[in-house]
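Visitor: Take a look at the letters that make up each chain.
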Amino acid sequence: MTLTTRLKTGIAIGALTTLLAGAAGANTLRMADSSDIAAMDPHSMTESNTIGFLNHVYEGLVRYNQDLEVEPALATSWEFVEPTRLRFSLREGVTFHNGNPFTADDVVASLERAAHESSPVKSNIPSMASVEKVDDLTVDLILTGPDPIVLNYLTNIHILDREWMEENDALLPADMRGGRENYAVANSNGTGPFILESRQPDASTVLTVNEDWWDEPQHNLTRIEFSPIGSDATRIAALLSGELDFIMPAPLQDIDRINRSDGAKAIIAPALRTIMLGMNQTEKLHNSNLTDANPLQDRRVREALWRAIDMELIRKKIMRDMSRNSALLVAPPVPGYDAALDVLPPADAEKAKALLAEAGYGDGFEVGLDCPNSRYVNDEEICQAITSMWSRIGVKANLSSQTPSKHFEKVLGGGSDVYMVGWATLPMLDTYSVLSALLHTPGERMGAWNPGRYSNAELDALTAKVAVELDTDKRTAMMTEALKIARDDVAIIPLHQQPLAWAVRDGVNIPAAADNKPRLWYATID
Amino acid sequence: MIAYVLRRLMQSVLVMLAVALIAFSMFRFIGDPVNSMLPENASVEDRQVLREQLGLDQPVTTQFAKFVTGAVQGEFGVSYRNKRAVSEMIAERLPATLELVLAAAVFALLLGVPMGIYAALHPKGFLANTLNVASLIGISVPTFVTGILLILIFSVWLNWLPSFGRGQTVDIGWWSTGFLTVSGLKSLILPAVMLGLFQVTLIMRLVRAEMMEVLRSDFVRFARARGLSNRAVHFGHALGNTLMPVITIVGLQLGSMIAFAIITETVFQWPGMGLLFIQAVSFADIPVMSAYLVLVALVFVAINMIVDLLYFAIDPRLSVRA
Amino acid sequence: MSLEAFPQSRLAAIIESDLFYKFRTSWITVGAFVVTLVIVLAAVLAPWIAPHDPFDVSTLSLWDSELPPVWAEGGDPRFLLGTDNQGRDVFSAILYGSRISLAVGFVSVAFAMVIGIVIGLVSGYFGGAIDAFFMRIADVMLSFPTILVALLVSGIVRGALPREMHDSAALIVLVFAITVTTWVQYARTVRSSTMVERSREYVYAAQLVGRKPFAILFSHILPNVMGPVLVIATINLAMAILIEATLSFLGVGMPPTNPSLGTLIRVGNEYLFSGVWWVVIFPSLTLVALVLAVNLLGDWLRDALNPKLR
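If you read the sequences in order, they're chains A, B and C. For what it's worth, the UniProt record's numbering labels the leading residue of the first sequence as 1, then goes sequentially. For what it's worth, the UniProt record's numbering labels the leading residue of the second sequence as 1, then goes sequentially. For what it's worth, the UniProt record's numbering labels the leading residue of the third sequence as 1, then goes sequentially.
Okay, chain A solo, but in the shape it has when bound (with noise of 0.2 Å):
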């Protein structure tokens, strides 16, 4: 594990500053995701991953901290002067990678650039209205509507230099009708912990450290080296032959067997992915023996196919004991969440059977189950399980599995009868995700995710009052509520939150997230 093999990743070019950095650089941090980031540009797409790495080179205004609590970031405070006008005041003698001065013009280039009409990214900071500079070091931003959660979605909007997105035309995010490359896509200039070295799509992207970081840094890092390895035997093969030293994620099945290695460890955490079936409640059903009626429309079916799947099988089965079962659509961390009324009851297929019965099905039926095949952790495993328990009860379920994409587009398209769905509630991490996305009537920007057209009034109220209420506590007690009603109604059959599945080398320290994206500016190297 010499010089050789830390240089190993192909960094193109300058063999002897490779060479001295490489040496200087006791600290090196090799690590390996299953995907390539997407680009380097922050306004160009929302891929979790790619904003997780990117954290590193941008800033907000705002971050959460490691439990995913909002803290100040680039701007030191904030207050709301009006319900719709909210004043941030910004950090005063932060410097950008290339040496420009951070200031309020930045803010404003940026956050008009990330709601531009052709950005990509405009959904995730969805009130805003416009943004005005006060002074140097004052931005305003003011909003279409009060909205509560403003600040959570703030933490995924990065902060760009305006002089330098100007001196390379990139003040607009990528345009897919111009057809043009971006600047920004393959080069970058914020104000984080790292600073970009050099990237190689596919291959490797190098960070170093920003000596000139504005926070005290608790890390011990001088360089980070990232690759992709999309195949899982191979990010496993290098992480325990030593030639990375951080893999994400890493497959359930073979936790053990890196526990049992010399020399690498796995890190698994509860993260927020709750994972969920949608049901389609329209009039028909697409893939079912049954043309005349949809059983799913019928609370006691949806209750049936609910008890009769058997989490806590799955869970030691196929999550080998590390995902969290769930009777509610949202994890612990998230606003809204309530324990007491997160109790899953024993899987119960008499019940179930009897629950079929009552609402004259007692013959069962046939119904399609729609699952990607490598968006979720085992997603395809616990779809054939699932199928698998259903048959006990006469429910006969035509499992289709396919790459996520063409998943998504089937489901989304609403051609799907039961389908699954994994809801982080990302970036809002707020109650409120779920319920405007995945529970509300489809229509006027709501329930985008709700292609089976559940629908309920009661829901829908409560939704729109949630969206305005200021009041922490009142807001809170709402969200909860409504939790409650889709669960007694099972509107969504919650199955499990996802574990977090990371593996390091010895002596590599890496605080886990919730929300699946490492803080390597927390990490350390003995």
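Hints were generated in silico from the structure; no laboratory data involved. Model, not experiment: these values are computed from the prediction. Treat the hints with caution; some may be incorrect.
Said to hold, decoys possible - Derived SDA-like pairs (lysine to any residue); straight-line CA-CA distance at most 25 Å: (1) Lys396(A) <-> Ser61(C); (2) Lys122(A) <-> Ile153(B); (3) Lys316(A) <-> Phe55(C); (4) Lys316(A) <-> Ser58(C); (5) Lys465(A) <-> Asp342(A); (6) Lys122(A) <-> Lys186(B); (7) Lys186(B) <-> Gly242(A); (8) Lys396(A) <-> Phe55(C); (9) Lys122(A) <-> Arg85(A); (10) Lys265(A) <-> Glu66(C); (11) Lys122(A) <-> Gly99(A); (12) Lys186(B) <-> Arg223(A).
To be verified - A few chain A residues facing chain B, derived, Cβ under 10 Å: (13) Ala26; (14) Arg235; (15) Leu470.
C-beta atoms are modelled at their ideal positions from N, C-alpha and C, and glycine is treated no differently.
With the hints as your guide, set chains B and C onto chain A.
Guide: This is chains B and C only, laid out in the frame that chain A set:
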């Protein structure tokens, strides 16, 4: 002569058009990229707007016409996933794939030719039989199994060779090469072996068959009659006559190795065009996929055309048929 | 080539003498034959000899998942080669998987052979525009690697079918893709042999006595070109099985709910480091044994039928 060349060119153009149509129509069914490009909370309206931006709402014929016009100029648009010009991304990855294919071809020749010669000279020997069976095992094991085994043995157990990537590369102009550094060469070994193994059998059998045929020819008999040593006959006369068709076939195989590199690159995370293609497939990144297919087809058509024209130039008898 | 008047007897003569002599004297060939026979029989008889029906989901239980083979510690006598992550019997899965792999192989080879022979005979016998047309198509097909053509064809066909049919039609799609990819070799070989045979005296004689072209093609020329066709067919059977496995490995072949050997390997591959080695090793071994055995048979057949290599 000119007429033949022109006709051959026309044919190639037609083939390319057919490929473009196939590539294009295939990708219309891979999946809708819009869902993977927008955040989870994007609205139905946002999706529709993006679809219009990408031209996905236009009639298929319009989309195809646009595709072909662009392709002719080397323009394949911008990758949905990486937001970069596809032509540039392909150019970046071309060296990795070509170096891998080259190394694999050299490996296959270095192993296959001597094995073939031996098998031809000692057709009944025990070693020849063993080589024969061994080479058959080489083509009977699926390449993806071979690759994983190589990693398991040489990276995880023995810790000799890296399991992924290209190692350190050096840029010569726009070409990035892994041939000039130790880590680059070490990284090349396992992938090249995996990709080359399949070809070893082919080459060995070809060399054996050609050589046995040449050895029976009058020309070799005369050489023996002149009292030349076995060694001189085998290596001076027979081998020389054997190698020409072998090199032709290996040339033709290069194209298929580029295609098989998809699997090798997936297993070894080799940053070449095949990996780009497979990643594009899972993201439904249509511009990248179509560019890859058209490019591979172009390489094939070009190689085939060159071979045909060469044969035509060498062997005037073919002009009768043409 | 001999100039016998009754060419059928030539093939018979070879079979009677040389072919079987070579067969008996090569223990490798005998071994390959036995292996092929065992796997084919096991696959054909799978519904009767398999201890479980691995694809009847209602009999699967997660409680039985990832049990090792019987002889290993913790093995369960109900599951000879252990179980996979869904509690499916690996031995039964291999039997049914071989069945699918072989079905894809045999059926696609049969189709490709019939199509290739007909086109080859017609092209070679009539020549002219028909010949030019088919051979141009053949040129195009030959100029692409089989795996890429197979990927393309299966992609297009899948695209043309409604999604619900993808899994149920997977087998047909695979057969179609492999057939489209491989008929060319037969056509080319048959065509060139036909062109040689066409000018032979017996064909000339048949024409003189007024036999119809198609009668001549099928009763006179066909038997003479069957030798090389059989060799190609055998080798292509091995290739078809491998292509199927590779497509399934890349995720465009058989679905996990109705797996071929390739699908079993793809799924099992994910468990390589987890210690559940039996889910990937046994299907891989079966596949390699089958393909190797068929390849060896093809090899033997070619050497035996090709007088040049004697």
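Visitor: Find the hints from earlier in the document that the structure breaks and name them by number, from lowest to highest.
Guide: 2, 6, 11, 13 and 15
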